[in-house]
Amino acid sequence: MTDSEDDFGLLETEEVDGVGDEWEEIDVSDTDADRIARKRDREFSEFRKRIKDADQFKVEASVFDDATYGALYKLVQDGHIDAFGGPISTGKEANVYTALSGDHEVAVKVYRINASDFTDMRGYLDGDPRFEGIGSDKKKVVTAWVRKESSNLKRARRAGVRTPKPIAVERNVLVMEYLGTEDGRAKRLSEVHIENPDTAYEVVKEYLRRLYDAGLVHGDFSEYNIVFHEGQLYIIDLGQAVTIHHPNADEFLERDCRNISNFFARQGVETTPEELLAYVREYATPQDNEDTAPGSDDDAVPQGTFEDREE
1 MTDSEDDFGL LETEEVDGVG DEWEEIDVSD TDADRIARKR DREFSEFRKR
51 IKDADQFKVE ASVFDDATYG ALYKLVQDGH IDAFGGPIST GKEANVYTAL
101 SGDHEVAVKV YRINASDFTD MRGYLDGDPR FEGIGSDKKK VVTAWVRKES
151 SNLKRARRAG VRTPKPIAVE RNVLVMEYLG TEDGRAKRLS EVHIENPDTA
201 YEVVKEYLRR LYDAGLVHGD FSEYNIVFHE GQLYIIDLGQ AVTIHHPNAD
251 EFLERDCRNI SNFFARQGVE TTPEELLAYV REYATPQDNE DTAPGSDDDA
301 VPQGTFEDRE E
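Sequential numbering of the sequence shown, starting at 1, is according to full-length UniProt numbering.
It is worth saying that the hints were derived from the structure and are not from the lab.
As the structure is a computational prediction, the values presented were derived from the model and not from experiment.
Even glycine gets a Cβ: it sits at the ideal position worked out from N, Cα and C.
Please note that a few of the clues may not be correct.
[To be verified] With a cut-off of at most 25 Å between alpha-carbon atoms, the simulated DMTMM-like pairs for lysine to aspartate or glutamate come out as follows:
#, residue 1, residue 2
1, 165, 182
2, 187, 220
3, 140, 220
4, 139, 78
5, 139, 220
6, 138, 198
7, 140, 34
8, 138, 65
9, 139, 126
10, 140, 32
11, 92, 137
12, 165, 32
13, 138, 128
14, 140, 120
15, 139, 66
16, 139, 65
17, 165, 103
18, 92, 103
[Claimed, not checked] Simulated restraints, written as ranges between beta carbons of each label pair:
#, residue 1, residue 2, range
19, 137, 184, 28 to 38 Å
20, 195, 30, 15 to 25 Å
21, 192, 272, 16 to 26 Å
Sequences and hints are given; from them, build the entire structure.
Below, the structure written as structure tokens:
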């Protein structure tokens, strides 16, 4: 990282009509992937066997059930994935892999449908009107969570926050922009030496404000989900992000400010959690408009080729 503020230039924001919980109802009914998995035609069965036998996908059944293979098959058929690469990361809730989409490398995030413990997710779901009626059905919870992550990424980008571009969603699989080079994934702030922590802090502080201005609270903000890519700071892992109407939004915002402030204080920046929280609340002006028409923050992701999706 350099000591020039130009290396951390911020994006222009986009005007929006309002913020909050306003978007189309999330559809958690059977998807094409579920129907493909049930149909089990010869072509799909061959695809499933080919993926299952590949070295990079030799993982436990909790990650790749039949409908997940169906989701991947659908994404291949729709032209979002041409070839699979290796794993980027593994976690309790999801694994992330590289893949090719045309001439571009993308990231494929596969959430585990059969994960045994959804305790960590529940704190971000309970009280959120978008998840009313879903209950404890694992398939519905994960399907909604993946679409929520895609929508949160889009909303953050409209607010001028650098995040991976969401490309396509199918059941429990999210395809998005890959942040990295031929040498590997982009490094987290926790993994690099920050040459100018004051400049980096100013960018992250502005990201916090812009997220809140757009009606979002990250909910798990720290040095572990901020990455350094092509001279810029990007925010990742927005699946758990909640809107300002969530009953725990204030608590999550305070925790985000505490995590960020404490990290940069260890880098020598003069900051406190209280000062950061006060800055966000003073300078962010989210339009708390609950009457905004449904669909103004549509969670559908753009379709078409990668070139069509470029901004």
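Okay, the hints, checked on the actual structure:
1. 165 x 182: OK: residue 165 and residue 182 at ~19 Å, within 25 Å.
2. 187 x 220: Distance of about 18 Å is within 25 Å: holds.
3. 140 x 220: holds, 22 Å
4. 139 x 78: Between residue 139 and residue 78 the Cα gap is close to 22 Å, so the pair holds against 25 Å.
5. 139 x 220: holds, 23 Å
6. 138 x 198: Distance ~43 Å between residue 138 and residue 198 Cα, so the pair is violated.
7. 140 x 34: Holds: residue 140 and residue 34 sit about 12 Å apart, inside 25 Å.
8. 138 x 65: Roughly 13 Å between the alpha carbons, so the hint for residue 138 and residue 65 holds.
9. 139 x 126: holds, 16 Å
10. 140 x 32: Cα-Cα ~15 Å, so holds.
11. 92 x 137: Given that 25 Å is the threshold and the Cα spacing comes to 18 Å, the pair holds.
12. 165 x 32: holds, 23 Å
13. 138 x 128: It holds: about 17 Å lies between the C-alpha atoms, which stays within 25 Å.
14. 140 x 120: Within the cut-off at roughly 16 Å; holds.
15. 139 x 66: holds, 13 Å
16. 139 x 65: holds, 11 Å
17. 165 x 103: holds, 16 Å
18. 92 x 103: Not satisfied, since the Cα-Cα distance of roughly 31 Å exceeds 25 Å.
19. 137 x 184: 28 to 38 Å: For residue 137 and residue 184 the Cβ distance comes to about 37 Å; the hint holds.
20. 195 x 30: 15 to 25 Å: violated, 51 Å
21. 192 x 272: 16 to 26 Å: holds, 24 Å
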